[in-house]
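*Asks:* If you want the building blocks of each chain, they are given just below.
There are 2 protein chains.
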Amino acid sequence: MRILSSELKYHTGKQVQVSGWLHKKRQLGKITFLILRDRHGLIQIVDETNESEKLRGLHNGTVLTVTGNVIGLEKAPSGAEIHHPVITVDVSVEHVSPIEVDKAIDHTPENLETLFENRVIGLRNVIERGIFKVQANVKQSVRDYLRSQDFTEFNSPKLLAGSTEGGAEVFKLDYFGKEATLAQSAQFYKQIMVGVFERVYEINPTYRAELSYTTRHMTEFMHIDVEMGFIEGLQDVLAIAGGILHVACTNAWKDHEEELLALGAVKPVLKQQLPIVSLKELHRLYTESTGQDTTKEKDPTPAEERWICEYSAKEWKSEAVFVSEFPAKDMKFYHYRNELNPDVADRADLLFRGVEIATLSRREHRYDKLVEQLKAVGGDPEHLGFKYYLMAFKYGLPAHGGFGMGLERLTQKIIGLHSVKEATLFPRDVNRLQP
Amino acid sequence: MRILSSELKYHTGKQVQVSGWLHKKRQLGKITFLILRDRHGLIQIVDETNESEKLRGLHNGTVLTVTGNVIGLEKAPSGAEIHHPVITVDVSVEHVSPIEVDKAIDHTPENLETLFENRVIGLRNVIERGIFKVQANVKQSVRDYLRSQDFTEFNSPKLLAGSTEGGAEVFKLDYFGKEATLAQSAQFYKQIMVGVFERVYEINPTYRAELSYTTRHMTEFMHIDVEMGFIEGLQDVLAIAGGILHVACTNAWKDHEEELLALGAVKPVLKQQLPIVSLKELHRLYTESTGQDTTKEKDPTPAEERWICEYSAKEWKSEAVFVSEFPAKDMKFYHYRNELNPDVADRADLLFRGVEIATLSRREHRYDKLVEQLKAVGGDPEHLGFKYYLMAFKYGLPAHGGFGMGLERLTQKIIGLHSVKEATLFPRDVNRLQP
Chain A
62 MRILSSELKY
72 HTGKQVQVSG
82 WLHKKRQLGK
92 ITFLILRDRH
102 GLIQIVDETN
112 ESEKLRGLHN
122 GTVLTVTGNV
132 IGLEKAPSGA
142 EIHHPVITVD
152 VSVEHVSPIE
162 VDKAIDHTPE
172 NLETLFENRV
182 IGLRNVIERG
192 IFKVQANVKQ
202 SVRDYLRSQD
212 FTEFNSPKLL
222 AGSTEGGAEV
232 FKLDYFGKEA
242 TLAQSAQFYK
252 QIMVGVFERV
262 YEINPTYRAE
272 LSYTTRHMTE
282 FMHIDVEMGF
292 IEGLQDVLAI
302 AGGILHVACT
312 NAWKDHEEEL
322 LALGAVKPVL
332 KQQLPIVSLK
342 ELHRLYTEST
352 GQDTTKEKDP
362 TPAEERWICE
372 YSAKEWKSEA
382 VFVSEFPAKD
392 MKFYHYRNEL
402 NPDVADRADL
412 LFRGVEIATL
422 SRREHRYDKL
432 VEQLKAVGGD
442 PEHLGFKYYL
452 MAFKYGLPAH
462 GGFGMGLERL
472 TQKIIGLHSV
482 KEATLFPRDV
492 NRLQP
Chain B
62 MRILSSELKY
72 HTGKQVQVSG
82 WLHKKRQLGK
92 ITFLILRDRH
102 GLIQIVDETN
112 ESEKLRGLHN
122 GTVLTVTGNV
132 IGLEKAPSGA
142 EIHHPVITVD
152 VSVEHVSPIE
162 VDKAIDHTPE
172 NLETLFENRV
182 IGLRNVIERG
192 IFKVQANVKQ
202 SVRDYLRSQD
212 FTEFNSPKLL
222 AGSTEGGAEV
232 FKLDYFGKEA
242 TLAQSAQFYK
252 QIMVGVFERV
262 YEINPTYRAE
272 LSYTTRHMTE
282 FMHIDVEMGF
292 IEGLQDVLAI
302 AGGILHVACT
312 NAWKDHEEEL
322 LALGAVKPVL
332 KQQLPIVSLK
342 ELHRLYTEST
352 GQDTTKEKDP
362 TPAEERWICE
372 YSAKEWKSEA
382 VFVSEFPAKD
392 MKFYHYRNEL
402 NPDVADRADL
412 LFRGVEIATL
422 SRREHRYDKL
432 VEQLKAVGGD
442 PEHLGFKYYL
452 MAFKYGLPAH
462 GGFGMGLERL
472 TQKIIGLHSV
482 KEATLFPRDV
492 NRLQP
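Residue numbers (the working numbering), protein chains in the order written: chain A, 62 to 496; chain B, 62 to 496.
With the rest of the complex left out, here is chain A:
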């Protein structure tokens, strides 16, 4: 009966059986120290009887089963080690791995391509895989939180007849002789689903044919898509987005402190109610503080995003902040124009540690208004890409709003990674389609 590294210390004084990968081998005089890796951690095995001769010529990665006695030892990787081992080689590895998984992996920008090229093996590094334990935890936290707020999970199709939001950034494919596109967002579907379940979400892949070589862009990523009906205003949507960020950070540190510390992560400081600053006020504060005039910018500039997060951390004790009140002239056709100030759209960005992690907006829910706004940007209400969408409004949709949040970007920022690709198991960009 196999036991895991995490259970080892509870078996002190007993004989146990463990299985895993040979992680490291070290000779100290007549004693051989083996480190075995399993899904929970590392186990040190002390061999004083030449049992590890069985491993001669074999390399790290070799799969072993070891039987031996557990000796408690606080400084050992799992709080105990195994003595008097009897070793069985389950799978022999006869070649040296192209990447060392028993050391910290080089995450400098220059090394990223090597990192991804060797991803299949590099992920076995216990620090590296910590990134994806945290990510799995984030997904689970988001779902649990949304369920607690009475949201229903749904799946929208990613194969579409037309592109929903247009633009060049859409992948096209041959669909039995017709053209199909890959969904750039679940935007229209989540709004349609408000008519069914009022509060909905999905976490599913999203595709953008981004011809970008930045640390922020990928062609495929996991999008947390949230939409809620019967809202009083944008503030209801902000509350849910803030709630997600809170639980994601809190649970990641509660459940994976060890992995986060090994990754060099720092616990985020977040106000219970995240601060909100209007875009105008941001421009004013930034211009005043730096002397660089941004008051004519229609969006927060990347420099402003970084600056306001630092400012907010210092002044408002929150590393996350909402920027709100974007100019109405730049809004999308489905955005909602503020009722008190028609120059402003009910839209906000959630910034966290220097980048935007979510874009939020209230949507125009009145059929006639929506058709009018669509036509104003040159859209054709009869076009297949809009026809079914508009049906939902024609037959009654309540006031609603929502947001999209990138899972990888959220993970990246919780951990403090340089590029969003480092928070992706097998990243996809202009140049990379494998592994």
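Don't take each hint at face value.
When chains are identical, the list treats them as one kind, so a pair holds in a single copy or across two.
Straight-line distance between alpha carbons at most 20 Å, and here's what the computed SDA-like set of lysine to any residue pairs gives [as the list claims (entries may be wrong)]:
1. Lys-341 - Gly-74
2. Lys-86 - Pro-138
3. Lys-70 - Pro-403
4. Lys-436 - Tyr-449
5. Lys-233 - Asp-490
6. Lys-359 - Gly-90
7. Lys-357 - Thr-275
8. Lys-455 - Glu-68
9. Lys-448 - Arg-493
Just so you know, these hints were derived from the structure itself, not from any lab. Note that this is a predicted model, so its numbers are computed, not measured.
With chain A held as given, fit chain B onto it using these hints.
*Replies:* Using the frame of chain A, we list chain B on its own:
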């Protein structure tokens, strides 16, 4: 402060505010009965004062907010109804909906295309949406169960450089001037991830360019992909697949009995340990019972799948059954040949209520053997589609196995729907790319 239909009966004697869609309107002499629909159910509103004159000319789907007094009434939809209503029209619906959502929706095969064409509105039907409440519940049950078994969730890319399993059933797309394909399965990635987390799963979309017009095939569906390392044999994989089916059925009935009954579903009878029958034995039993000789078939025939499920229900008190021991000559290159009987592959199908809902197998984990089996089917180990996959084996993968299970097919069979498309929000097939 809005309250929901499910909370209504706890507010008997009080004044409340509810919001939702006008579901039905009925005149009985001087009294108007309104039914309001919200995300949890229906609320009956009794108007004796002509307040509903405000709804003159408006149709079902109109979004309303109603304030009134709660009167307990057991036979009312939510165990109470609202009297003395004051109505506010939030969103007017001025057209009659193309599909009636206040009645049972026609699910006969002839009506399916109409059903899907009007899906955006049809899903608002409380019986219809029950299908997707059950489906959300199934997803959650599967995840909770797998987490309880120490599986880690991951996401594999769906944009690939080459097709993993070949065949004509692959969608191709233009990827910045190169060719990319859409993943037909997470097969290779989940095996790679065994090297990282030992036990992994994902529930993500999968794409098959199936030129099929059946009730079983779609071009996009949600696949529950599971893989586990350090197994003793295929029986470990069977146990997890059986576990999933058990929790999915149990929780669906625990949490959504009302929806299931409205859908005409029948609680499944499942043995704690699902019965296992070898393919040979199935052929023998079927041939003996029906007089039709299937002993030369390499797979269970559709007729056999139905027959054995009925047989199992009657003889073994289980509506689900495993068929195992498939002929080795038909196995895929990554399947594992049985150690005691080399004519047999360690492979099984999980059948439930007449169809296969999962295919399971132990995988060949020995590098040399795998390369040999790949070459034997004409595969090139240096090909991009195999190169990274084989890396995982070269540097050590333990004995492992797994399965794929279709979320929609599982939902379909739990509910007892005719076609898998009925268990899909927005189905995709050869002819259907919208809504």
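*Asks:* So, for every hint listed, does it hold in this structure?
*Replies:* Hint by hint, here is what the structure shows:
1. Taking identical chains as interchangeable, the C-alpha atoms of Lys-341 and Gly-74 are never at most 20 Å apart, the minima being 67 Å within one chain and 49 Å between chains.
2. When the C-alpha separation of Lys-86 and Pro-138 is checked against a cutoff of 20 Å, the pair qualifies only within one copy, where the shortest distance is 14 Å, while the shortest distance between copies is 69 Å.
3. Taking CA atoms no more than 20 Å apart as the test, Lys-70 paired with Pro-403 passes in neither setting, with 65 Å inside one copy and 42 Å between copies.
4. Taking the closest pair of Cα atoms, Lys-436 and Tyr-449 come within 20 Å of each other only inside a single copy of the chain (16 Å); across copies the shortest separation is 49 Å, beyond that limit.
5. Taking the shortest alpha-carbon separations for Lys-233 and Asp-490, both the intra-copy value of 16 Å and the inter-copy value of 17 Å come in at or below 20 Å.
6. Within a single copy, Lys-359 and Gly-90 get their C-alpha atoms no closer than 68 Å, and across copies no closer than 59 Å, so neither meets the 20 Å cut-off.
7. Taking CA atoms no more than 20 Å apart as the test, Lys-357 paired with Thr-275 passes in neither setting, with 25 Å inside one copy and 58 Å between copies.
8. Taking the closest pair of Cα atoms, Lys-455 and Glu-68 never come within 20 Å of each other, the shortest separation being 59 Å inside a single copy and 29 Å across copies.
9. In this homomeric assembly, Lys-448 and Arg-493 come within 20 Å of each other (Cα to Cα) only across copies, at 15 Å, whereas the closest approach inside a single copy is 36 Å.
When held up to the earlier numbered hints, the structure conflicts with 1, 3, 6, 7 and 8 and fits the remainder.
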